[in-house]
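**Student:** Sequence:
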Amino acid sequence: MSRDDQNRNHLGQRMMLRYSASTRVNHWTMALSFILLALSGLAFFHPAFFFLTHTLGGPVWARILHPFIGVAFFLLFALMAVSHVGNNLPIKNDVRWMKQIKDVLANRDERVPPIGKYNPGQKLVFWLLVLCVPTLLITGVLMWRPWFAGYFPVTIVRIASLLHALAAFGAILTIVIHIYAAIWVKGSFGAMIRGFVTHAWAKHHHPLWYDDHVKRERSRPSTDAPTRRDEPIA
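Per the numbering used here, residue 540 is the first one in the sequence shown, and the count goes up by one each step.
Keep in mind that the hints are not guaranteed to be accurate.
[Stated by the list, open to error] DSS-like cross-link-like pairs, simulated, lysine-lysine; straight-line CA separation at most 25 Å:
| no. | residue 1 | residue 2 |
| --- | --- | --- |
| 1 | Lys656 | Lys631 |
| 2 | Lys742 | Lys656 |
| 3 | Lys754 | Lys656 |
| 4 | Lys656 | Lys725 |
| 5 | Lys725 | Lys742 |
| 6 | Lys638 | Lys742 |
| 7 | Lys638 | Lys656 |
| 8 | Lys662 | Lys754 |
| 9 | Lys631 | Lys742 |
| 10 | Lys725 | Lys638 |
| 11 | Lys662 | Lys725 |
| 12 | Lys662 | Lys631 |
| 13 | Lys641 | Lys725 |
| 14 | Lys754 | Lys742 |
| 15 | Lys631 | Lys641 |
| 16 | Lys641 | Lys742 |
| 17 | Lys641 | Lys656 |
| 18 | Lys641 | Lys662 |
| 19 | Lys742 | Lys662 |
| 20 | Lys631 | Lys754 |
| 21 | Lys638 | Lys662 |
I should point out that these hints are in silico values taken from the structure, not numbers from a laboratory.
As the structure is a prediction and not an experimental result, all values here were calculated from the model.
Whenever a hint applies, use it, and build me the whole structure from the sequences.
**Tutor:** Below is the structure:
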């Protein structure tokens with residue numbers, strides 16, 4: 540059986556890997572962590588949201604667990620960022636894509652320039668989180684009672700608290716947009732669950748990435764090629 544035959548779904552459509560198992564586990568662990576952080580963080584932000592502390596077992600446990608989950612989230616994000624930074628660097632077509640955002644939103648795909656593995660919108664989400672997440676970590680450490688806050692002047696802690704809130708709202712807004720876009724572009728959400736997308740989907744939404752994938756596949760030796768053991772004896 541050829542590699543092409545192996546990589547087909549139940550409908551006979553050719554499939555290609557978009558996200559590895561490790562990437563998907565990392566993504567969904569981050570997603571769960573972010574939800575817990577956002578809900579407990581809102582509880583600390585305003586008394587009207589205090590009931591959300593119960594997502595972490597009540598106000599006492601929320602105060603204890605929130606910063607530890609935050610550190611875990613940062614480490615997971617750092618791993619993801621280092622692994623995917625190469626595919627999130629800007630290219631020339633990104634500028635053209637952004638200029639034609641109306642065509643993108645109107646699904647006039649024939650007018651949209653080809654893009655790589657991630658479109659400019661996805662790259663913007665990536666870099667906004669690269670800005671917000673380290674800010675949340677640094678300011679969170681400055682505010683972390685009883686471990687670190689006591690080592691800094693009250694003014695510094697208050698400034699950190701303000702910056703922490705701003706970065707948190709920025710991250711939440713960015714994630715909301717990210718979720719909306721993943722649902723809006725059919726197939727994106729499923730790709731992060733199953734890992735695979737069809738060749739047709741990849742060629743339509745990310746043609747430069749698709750072309751690169753095809754070139755790499757063609758450069759690999761075919762599994763149907765005879766091995767030395769299969770060669771006839773002269």
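**Student:** Between Lys641 and Lys725, does the CA-CA distance stay at or below 25 Å?
**Tutor:** It holds: about 18 Å lies between the C-alpha atoms, which stays within 25 Å.
**Student:** Please work out if Lys662 and Lys725 have their alpha carbons no farther apart than 25 Å.
**Tutor:** holds, 18 Å
**Student:** Is it true that the CA of Lys656 sits at most 25 Å from the CA of Lys631?
**Tutor:** holds, 14 Å
**Student:** For a C-alpha distance cap of 25 Å, please report whether Lys641 and Lys662 respect it.
**Tutor:** holds, 18 Å
**Student:** Is Lys641 close enough to Lys742, meaning Cα to Cα at most 25 Å?
**Tutor:** holds, 21 Å
**Student:** If you draw a straight line from the CA of Lys638 to the CA of Lys662, is it 25 Å or shorter?
**Tutor:** holds, 15 Å
**Student:** Checking one constraint from the list: CA of Lys638 to CA of Lys656, max 25 Å. Satisfied?
**Tutor:** holds, 19 Å
**Student:** Does the alpha-carbon distance linking Lys725 and Lys742 stay inside the 25 Å limit?
**Tutor:** It holds: about 14 Å lies between the C-alpha atoms, which stays within 25 Å.
**Student:** If you draw a straight line from the CA of Lys662 to the CA of Lys754, is it 25 Å or shorter?
**Tutor:** Distance ~24 Å between Lys662 and Lys754 Cα, so the pair holds.
**Student:** With a cut-off of 25 Å on the C-alpha distance, tell me whether Lys631 and Lys641 pass.
**Tutor:** Holds. Lys631 to Lys641 sits at ~18 Å (cutoff 25 Å).
**Student:** Given the hint that Lys754 pairs with Lys742, does the C-alpha gap stay at or below 25 Å?
**Tutor:** holds, 13 Å
**Student:** Hint check: Lys742 vs Lys662, CA-CA at most 25 Å. Holds or violated?
**Tutor:** holds, 19 Å
The structure shown violates none of the earlier numbered hints.
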